[in-house]
Every structure is written in structure tokens, then in C-alpha cells.
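Put together the whole structure using the sequences plus the hints.
So the sequences go chain by chain: W and B.
Using our numbering, read the first sequence as starting at 35 and increasing by one per residue.
Using our numbering, read the second sequence as starting at 35 and increasing by one per residue.
Simulated from the structure, these hints should not be mistaken for lab results.
A couple of the hints might just be wrong.
Said to hold, decoys possible - Pairs of lysine to any residue residues, derived as SDA-like cross-links and limited to a Cα-Cα distance of at most 25 Å, are as follows: (1) B/Lys-188 to W/Ala-171; (2) B/Lys-137 to W/Ala-194; (3) W/Lys-137 to B/Arg-247.
To be verified - What the simulated footprint calls covered on chain B by chain W, stretch by stretch (three residues with Cβ under 8 Å from a Cβ of chain W suffice, anywhere in the stretch; the number is not a length): (4) 68-81; (5) 173-182.
To be verified - Negatives, chain B to chain W, calculated, CB over 10 Å: (6) Glu-44; (7) Gln-128; (8) Ala-199; (9) Tyr-200; (10) Leu-222; (11) Phe-228; (12) Lys-229; (13) Asn-232; (14) Leu-238; (15) Ile-241; (16) Arg-242.
A virtual CB, placed ideally from N, CA and C, is assigned to each residue, including glycine.
2 protein chains.
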Amino acid sequence: MSAVSIILVEPQMGENIGAAARAMLNFGLTDLRLVKPRDGWPNDRAIAMSAGAFEHLGEPQIFDTLKDAIADLQFTYATSARRRDMVKPVFTPQGAVEDIGAKRTGFVFGPERTGLANDDIALCNALIHVPTNPDFASINLAQSVLLLAYELSKANDDSAPRTLAYGDSEAVPTAQLEEFLTRLEGELETAKFFKEQNLKPTMLRNIRAMFTRAELSTQEVKTLHGMVSALIKKKK
Amino acid sequence: MSAVSIILVEPQMGENIGAAARAMLNFGLTDLRLVKPRDGWPNDRAIAMSAGAFEHLGEPQIFDTLKDAIADLQFTYATSARRRDMVKPVFTPQGAVEDIGAKRTGFVFGPERTGLANDDIALCNALIHVPTNPDFASINLAQSVLLLAYELSKANDDSAPRTLAYGDSEAVPTAQLEEFLTRLEGELETAKFFKEQNLKPTMLRNIRAMFTRAELSTQEVKTLHGMVSALIKKKK
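If you want it as C-alpha cells, here you go:
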């Protein structure tokens, strides 16, 4: 996927420009373009809110019109909270990201209060609609930039949905866990834990379920051995 | 999926509490809990940044400790930008959302500067790690709340990734498009557009490709008919 340009049309609050820049860089986007920012550029509030992002991004490009800002791009998506009276394909954020391919692409965001003007939307190839709570739909400008940048980054990310990091240790090999369970059973037997022998197989299965489910590390199984040893000693 | 509680531990900036509340409500979450907010509660900056969200959410619950704040929950995820020296399952945002099921769940966020203390992380069942740019990893507090709320909302959302809304019109039935293409071919023939007859089939196929790809509405095909009529007249 090609890198995507972020175009903010007439952004009003410097804070939002800065927060958008930070959000972009958080997810690896670097091309920020501003069309007629209300307070001009540079903007101290933008820089304060960016948490240093502009040091990495460089200066945003400034344009007088959206048409100029997207001149070199091949496909642009206008973000819009409202449905518009124009026949344009409307994508979810994820749908847009899956649609991009190798085209030089821009995501276009309107001013905070009004969103994009219809004439600006007409310049874009498609719309992105973030499906928000219909009773409280208006999303902050930098937050929408973040969502799109996040979806783009996700498409390039192959992190497993769930991992377990064992630090200096590692997942315990089955044989070592079995050794512990065998020892535990023996100590429990000695301690007369199994009052009714006919229930013993079920109880052992339940104990095993706890310890296998816990995805223990080698170190943790050592700790469990130590705990059992200590408890036996205390008992004596 | 059950509703998820958002727990902010010792949030420093009122602005972030307000922006988090707005982001929650944007995506339909309503249970906000604060553990020892630095500037107490109520907080004028939080209310100013919330864009009215607290009018819908009600007052956040305030707690002295994270342990108290999560007492009624069944499963909690600590959000963390750093890897920790604890053996806990680590989920991506989407991975966590897919994992939740019907458990009463909380997402726990640490203070802006330091993130969650290890003792607070130890209270939680699992970690969520948002995979950000390793060279610029630190994400704003309200932005992380937004990402998680967005992922939760996505899991409940069945929007098609791409739709085309025709407003008052509708997608043109094939027969009406064919009628237009037949007419267009006739008018182009009359106008001696096809200079080399052996290329005519290819050119017609290419013209057809443009108009079928455009996913035209009935209204738009009428407009095209009108355009052709006007152009013929002008020519005469």
C-alpha cells in the first residue's frame, strides 16, 4: 500500500492540527497538507500539541485550495459525518483502507464546525463515513485522523491478536508441568486432601484444568514447586 | 458483547478526561470511572472538552484505588505502550474485542506521563498493546480510549465496507443503460466519430467500460441523454 496523505481543509484549532500530526506519526503517516489554516502557519498551539511530531514530519505543505492540495494524488476520500446529496461511493474506514491498493491516495478532512463543503466533497472520488453513535455523532478532527491512520497501520500489521510474553523465561514444556502435577497429586494424597476416593479422578482433572489453562512458564512452575515445598514444611 | 467500562487511573489533564468521554460516547460507551483524578472532580476543562458528552453519560464514578474501581468487573485489560516484565496475555485492540464475550469487562488506562504502574497492571487480567510506530510510540490518552471504543463499536457494526447511496434516484436498470449506449453509438456513427471501422468494436467496448464502471443512477442516465441531445443541437 502506498503512503497516504492527510489533507486538513481550513482547520480552525491549532490544537487539532498538532494532535492530528501526533496521531499520524503514531501510525507511521508523514505527509500532512493544510488548506488555508485559519490561524496561518506556523502555529504555536499546533506545535505544543504535537508532542514533537513536526520534528519528524517536517513542515506541513500549505495550499490555498483543496484542488491544489490534491493535484498530484490519484484518489481522494472525503471524510464526512453527514450523508450528502451526491452519488459517491461511501466507505467505512476499514473498507477504504482495503480499497486503496497502490494509488497515491489522500484522506481529506473538513473544518471542525461545518465539515467539508459540498464543492470540496465534489472534488474527491469517494467518501469515508465513520459509523458513530447517531445520538452523538460528531467526532473530534484529530480523532478522525487517528482512526484512519490506525486503520492504515492495521492493514500493514501482522501482530497476533493475542500473545503471551514470558520475559526471561519460556512456556513450560509439557513434561515439566506433568512432573509438577504428579508431585502435587502425591503431596495432596499424603495430606489426605482426597477425602472421597471415588471423586479423586474428577478432582484431579479439575486441578489439571486450572494449571494447564494458566499457560505457565518454566519459572512459574519452579515457583509452584517452591510453594508446595514451603506449605508442606509449614504443616509439619 | 457486554458494555465495557473505561477506567482512567490518575488522569492528569482535564482536557483528556473530556476528550475521552466524548470519544466513548461517539462509539456508544457510557461507563466512565476515574481513579484519583489529579485535579479532582468536577473539572471545568474536562467538561469544556467533552462537547456535552457528560450530559449523556452522567457523572463519572470516582474511586480511590484501581482495586475499588474494578471490584464488580470480571475481566480487565490494562493498556500499555511498553512491554512489561510480567507474564500476561497481550492483545491487540481488535484481539481484545474479539476475546471479550459476555464478561463484565473494563479497559484500564494509566496517567499521561508514566502509564500504569506495575502494581496496577498486576491487578488486571491481560494487557492491550496498541501497535504504534516504534519511533514515535506515545499515544495521547483520549486517543487510546477512542481506538478501543472504536474497535468495540466495529465489532457490533455490520456496515458494508462500501456502499453507494443514490439519494432520490436509484441504480439504473441495465436495459436503460443499454438504451443509452445504443443511442450514443448511433449518434457517434452519425457524427462520423468512428473513422476506422475495424477499430469500432474495440472503441465501443471501451466506451461501454467507462459507463458500466460508473455505476450510474437512473437520473444520471437521463442527464447523459440530455447532454447528448444538447451537443447534437449545438453542432447543427
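Against the structure, the hints:
1. A C-alpha spacing of about 15 Å is found between B/Lys-188 and W/Ala-171, which places the hinted pair at or below 25 Å, so the restraint holds.
2. Of the pairs offered as hints, the one joining B/Lys-137 and W/Ala-194 holds, with about 22 Å between alpha carbons and a cut-off of 25 Å not exceeded.
3. Straight-line distance between C-alpha atoms of W/Lys-137 and B/Arg-247 comes to about 18 Å, which keeps the hinted pair within the 25 Å bound.
4. Check on the region 68-81 of chain B: 0 of its residues sit with their Cβ under 8 Å from a Cβ of chain W, so the three-residue criterion for coverage is violated.
5. For the region 173-182 of chain B, the assignment as covered by chain W holds, since 6 residues bring a beta-carbon within under 8 Å of that chain's beta-carbons and 3 suffice.
6. Once the 10 Å rule is applied to beta carbons, B/Glu-44 is consistent with being away from chain W; the minimum gap is 19 Å.
7. Consistency note on B/Gln-128: stated as away from chain W, yet its beta-carbon is not over 10 Å from all of that chain's, at 6 Å minimum.
8. With a closest Cβ-Cβ approach of about 6 Å to chain W, B/Ala-199 is found to fall inside the 10 Å limit, against its non-interface label.
9. With a least CB separation of 6 Å from chain W, B/Tyr-200 falls inside the 10 Å interface cut-off, contrary to its annotation.
10. Against the 10 Å criterion, B/Leu-222 stays outside the reach of chain W, whose nearest CB is about 25 Å from its own CB.
11. Residue-level check passed: B/Phe-228 sits 30 Å from the nearest beta carbon of chain W, beyond 10 Å.
12. Look at B/Lys-229: its CB is around 31 Å from the nearest CB on chain W, clear of 10 Å, so calling it non-interface holds up.
13. Every Cβ of chain W is farther than 10 Å from the Cβ of B/Asn-232; the closest lies at roughly 33 Å, confirming the non-interface assignment.
14. Distance check on B/Leu-238: its Cβ is at least 25 Å (rounded) from any Cβ of chain W, clearing the 10 Å threshold; non-interface status holds.
15. With a least CB separation of 20 Å from chain W, B/Ile-241 remains clear of the 10 Å interface cut-off, as annotated.
16. No Cβ of chain W comes within 10 Å of the Cβ of B/Arg-242; the nearest lies about 20 Å off, and the non-interface call holds.
Taken one by one, the earlier hints fail for this structure at numbers 4, 7, 8, 9, listed in ascending order.
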